[in-house]
Amino acid sequence: EAGVAQSPRYKIIEKRQSVAFWCNPISGHATLYWYQQILGQGPKLLIQFQNNGVVDDSQLPKDRFSAERLKGVDSTLKIQPAKLEDSAVYLCASSLLGPRGTDTQYFGPGTRLTVL
Amino acid sequence: AQSVTQPDIHITVSEGASLELRCNYSYGATPYLFWYVQSPGQGLQLLLKYFSGDTLVQGIKGFEAEFKRSQSSFNLRKPSVHWSDAAEYFCAVVDYKLSFGAGTTVTVRA
Numbered sequence: 494e495a496g497v498a499q500s501p502r503y504k505i506i507e508k509r510q511s512v513a514f515w516c517n518p519i520s521g522h523a524t525l526y527w528y529q530q531i532l533g534q535g536p537k538l539l540i541q542f543q544n545n546g547v548v549d550d551s552q553l554p555k556d557r558f559s560a561e562r563l564k565g566v567d568s569t570l571k572i573q574p575a576k577l578e579d580s581a582v583y584l585c586a587s588s589l590l591g592p593r594g595t596d597t598q599y600f601g602p603g604t605r606l607t608v609l
Numbered sequence: 188a189q190s191v192t193q194p195d196i197h198i199t200v201s202e203g204a205s206l207e208l209r210c211n212y213s214y215g216a217t218p219y220l221f222w223y224v225q226s227p228g229q230g231l232q233l234l235l236k237y238f239s240g241d242t243l244v245q246g247i248k249g250f251e252a253e254f255k256r257s258q259s260s261f262n263l264r265k266p267s268v269h270w271s272d273a274a275e276y277f278c279a280v281v282d283y284k285l286s287f288g289a290g291t292t293v294t295v296r297a
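Protein chains in written order, with this note's numbering: chain A, 494 to 609; chain B, 188 to 297.
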């Protein structure tokens, strides 16, 4: 079974530029998550989708970050404009149902973003 | 809100020695607890999880963890580490979302 796919793996941009990350979850997984992992910290949830609807985006900086999950399958996370503090690894994860209870999240390899 | 604390930022252990990583949780009810491992350049991989029942949980790669309600802990252990165990380890708890600790970096010396 294929895992969670993400691209690109690495991205370097200058501040105020825009960037987009792509994620393809495990086939059949209804829930998709985007996490931000700053160096030296644990991952922090940015947004969670259930099929193509947003369940939780309370931690998403909506003035610059946006995400969509069209057709309830793959997803795109965008940052516009980027700031220095956005330098981090962006992880995508998926689960069969949702985070409550025993549902396990499977993570992709992440995209390492460096903002100069 | 529920949270986990990993008191050790970095641990160095000799190959073949035992390893114990600490995790303390803050949660009123019985928590759902997880340990994940992140190798360099890799995504997070689930090692084991605890929901209820037997307080000693067996995971992959020879890891186990013990849930102790009286100490609000969920420590991860491995009897004999291999060089490939060098990685970052995250404890996590789930309520309506998965919340991670800050992680413990494990270095294995020959």
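One or more hints might be untrue.
Unchecked claim - Derived CB-CB ranges, DEER-like:
| # | chain 1 | residue 1 | chain 2 | residue 2 | range |
| --- | --- | --- | --- | --- | --- |
| 1 | B | GLN229 | A | ASN545 | 20 to 30 Å |
| 2 | B | GLU202 | A | SER559 | 39 to 49 Å |
| 3 | A | TYR503 | B | LYS248 | 26 to 36 Å |
| 4 | B | GLU202 | A | LYS571 | 21 to 31 Å |
| 5 | B | GLU253 | A | GLY533 | 23 to 33 Å |
| 6 | B | PRO227 | A | ALA498 | 14 to 24 Å |
Said to hold, decoys possible - Over 12 Å on every C-beta distance to chain A, these chain B residues come out as not near it, computed from the model:
| # | residue |
| --- | --- |
| 7 | ILE198 |
| 8 | VAL200 |
| 9 | ASN211 |
Hints are computed from structural coordinates only; laboratory data are not their basis.
Glycine included, each C-beta is placed from N, C-alpha and C at the ideal position.
Hint by hint, here is what the structure shows:
| no. | hint | verdict |
| --- | --- | --- |
| 1 | B:GLN229 - A:ASN545: 20 to 30 Å | 28 Å, holds |
| 2 | B:GLU202 - A:SER559: 39 to 49 Å | 46 Å, holds |
| 3 | A:TYR503 - B:LYS248: 26 to 36 Å | 27 Å, holds |
| 4 | B:GLU202 - A:LYS571: 21 to 31 Å | 44 Å, violated |
| 5 | B:GLU253 - A:GLY533: 23 to 33 Å | 27 Å, holds |
| 6 | B:PRO227 - A:ALA498: 14 to 24 Å | 19 Å, holds |
| 7 | ILE198 | 15 Å, holds |
| 8 | VAL200 | 20 Å, holds |
| 9 | ASN211 | 14 Å, holds |
The earlier numbered hint that this structure contradicts is number 4, and it is the only one.
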